[in-house]
Amino acid sequence: MRRYTRGSMSLAVLIAAGTAFAAPPQTTTLAVENMTCGTCPIVVKKALERVPGVTSTSVDFDKRTATVTFDPDKTTSAKLTQATTEAGFPSKVISKP
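Terminal number for the sequence shown in my numbering: 98, no gaps in between.
Be a bit skeptical, because a hint or two may be false.
[Unchecked claim] Straight-line distance between alpha carbons at most 25 Å, and here's what the computed DMTMM-like set of lysine to aspartate or glutamate pairs gives:
#	residue 1	residue 2
1	K47	E34
2	K47	E87
3	K64	D74
4	K64	E34
5	K80	E34
6	K93	D61
Bear in mind the hints are in silico, worked out from the structure with no lab data behind them.
Assemble the whole structure, with the sequences as input and the hints as a guide.
Shown next as C-alpha coordinates:
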(Lines of atoms letter the chains of each structure in order from A and count residues from 1; the text may use other names and numbers.)
(Lines give C-alpha, C1' and ligand atoms only; values in the text may rest on other atoms or scores of the structure.)
Protein backbone atom coordinates (compact mmCIF):
# COMPACT_ATOMS: atom_id res chain seq x y z
CA MET A 1 0.00 0.00 0.00
CA ARG A 2 1.30 3.40 -0.93
CA ARG A 3 1.33 6.23 1.58
CA TYR A 4 0.92 9.81 0.55
CA THR A 5 2.19 12.65 2.65
CA ARG A 6 0.23 15.81 3.14
CA GLY A 7 2.73 17.65 0.93
CA SER A 8 2.35 15.31 -2.02
CA MET A 9 -1.44 15.44 -1.82
CA SER A 10 -1.35 19.24 -1.67
CA LEU A 11 0.89 19.31 -4.73
CA ALA A 12 -1.49 17.04 -6.64
CA VAL A 13 -4.44 19.28 -5.77
CA LEU A 14 -2.54 22.40 -6.89
CA ILE A 15 -1.55 20.83 -10.19
CA ALA A 16 -5.12 19.74 -10.89
CA ALA A 17 -6.47 23.17 -9.96
CA GLY A 18 -3.95 24.92 -12.18
CA THR A 19 -4.99 22.97 -15.25
CA ALA A 20 -8.66 23.59 -14.52
CA PHE A 21 -8.15 27.34 -14.78
CA ALA A 22 -6.05 27.40 -17.96
CA ALA A 23 -7.45 29.75 -20.59
CA PRO A 24 -8.74 28.14 -23.78
CA PRO A 25 -6.71 28.76 -26.96
CA GLN A 26 -7.55 31.89 -28.92
CA THR A 27 -7.44 32.46 -32.66
CA THR A 28 -6.82 35.82 -34.25
CA THR A 29 -6.37 37.00 -37.82
CA LEU A 30 -3.75 39.55 -38.76
CA ALA A 31 -3.61 41.74 -41.87
CA VAL A 32 0.02 41.50 -42.98
CA GLU A 33 1.75 44.18 -45.07
CA ASN A 34 4.71 43.92 -47.45
CA MET A 35 4.13 40.35 -48.65
CA THR A 36 5.22 40.56 -52.28
CA CYS A 37 6.48 37.08 -53.20
CA GLY A 38 6.00 33.41 -52.44
CA THR A 39 8.77 33.41 -49.83
CA CYS A 40 7.17 36.14 -47.69
CA PRO A 41 4.48 33.89 -46.13
CA ILE A 42 7.20 31.47 -45.05
CA VAL A 43 9.08 34.24 -43.25
CA VAL A 44 5.86 35.47 -41.58
CA LYS A 45 4.91 31.93 -40.51
CA LYS A 46 8.33 31.26 -39.00
CA ALA A 47 8.30 34.60 -37.15
CA LEU A 48 4.92 33.78 -35.62
CA GLU A 49 5.87 30.21 -34.75
CA ARG A 50 8.81 31.51 -32.70
CA VAL A 51 6.44 33.36 -30.35
CA PRO A 52 6.02 31.31 -27.16
CA GLY A 53 2.44 30.04 -26.86
CA VAL A 54 1.65 29.90 -30.59
CA THR A 55 0.14 26.51 -31.41
CA SER A 56 -0.71 26.91 -35.10
CA THR A 57 -0.27 29.43 -37.90
CA SER A 58 -1.49 29.67 -41.47
CA VAL A 59 -0.56 32.48 -43.82
CA ASP A 60 -2.64 33.35 -46.91
CA PHE A 61 -0.53 35.18 -49.48
CA ASP A 62 -3.49 36.12 -51.70
CA LYS A 63 -5.47 37.66 -48.85
CA ARG A 64 -2.34 39.03 -47.10
CA THR A 65 -3.46 37.53 -43.78
CA ALA A 66 -2.14 35.27 -41.07
CA THR A 67 -4.42 33.25 -38.81
CA VAL A 68 -2.82 32.33 -35.50
CA THR A 69 -3.99 30.10 -32.66
CA PHE A 70 -2.23 30.74 -29.37
CA ASP A 71 -2.32 30.29 -25.61
CA PRO A 72 -3.46 33.64 -24.14
CA ASP A 73 -1.67 32.77 -20.89
CA LYS A 74 1.65 32.82 -22.78
CA THR A 75 1.27 35.52 -25.43
CA THR A 76 -0.92 38.32 -26.76
CA SER A 77 -2.05 39.67 -30.11
CA ALA A 78 0.34 42.58 -29.58
CA LYS A 79 3.28 40.17 -29.37
CA LEU A 80 2.14 38.52 -32.59
CA THR A 81 2.05 41.82 -34.46
CA GLN A 82 5.41 42.72 -32.95
CA ALA A 83 6.91 39.47 -34.26
CA THR A 84 5.75 40.06 -37.84
CA THR A 85 6.82 43.71 -37.72
CA GLU A 86 10.30 42.76 -36.52
CA ALA A 87 10.50 40.30 -39.45
CA GLY A 88 9.75 43.16 -41.86
CA PHE A 89 6.03 42.58 -42.24
CA PRO A 90 3.97 45.04 -40.19
CA SER A 91 0.58 43.65 -39.21
CA LYS A 92 -2.57 44.54 -37.37
CA VAL A 93 -5.35 42.51 -35.81
CA ILE A 94 -8.43 42.34 -38.02
CA SER A 95 -10.41 39.74 -36.08
CA LYS A 96 -10.42 38.38 -32.56
CA PRO A 97 -12.39 35.59 -30.95
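Taking the hints in turn, this is what the structure says about them:
1. K47 x E34: holds, 16 Å
2. K47 x E87: Roughly 12 Å between the alpha carbons, so the hint for K47 and E87 holds.
3. K64 x D74: violated, 29 Å
4. K64 x E34: holds, 10 Å
5. K80 x E34: Holds: K80 and E34 sit about 16 Å apart, inside 25 Å.
6. K93 x D61: holds, 15 Å
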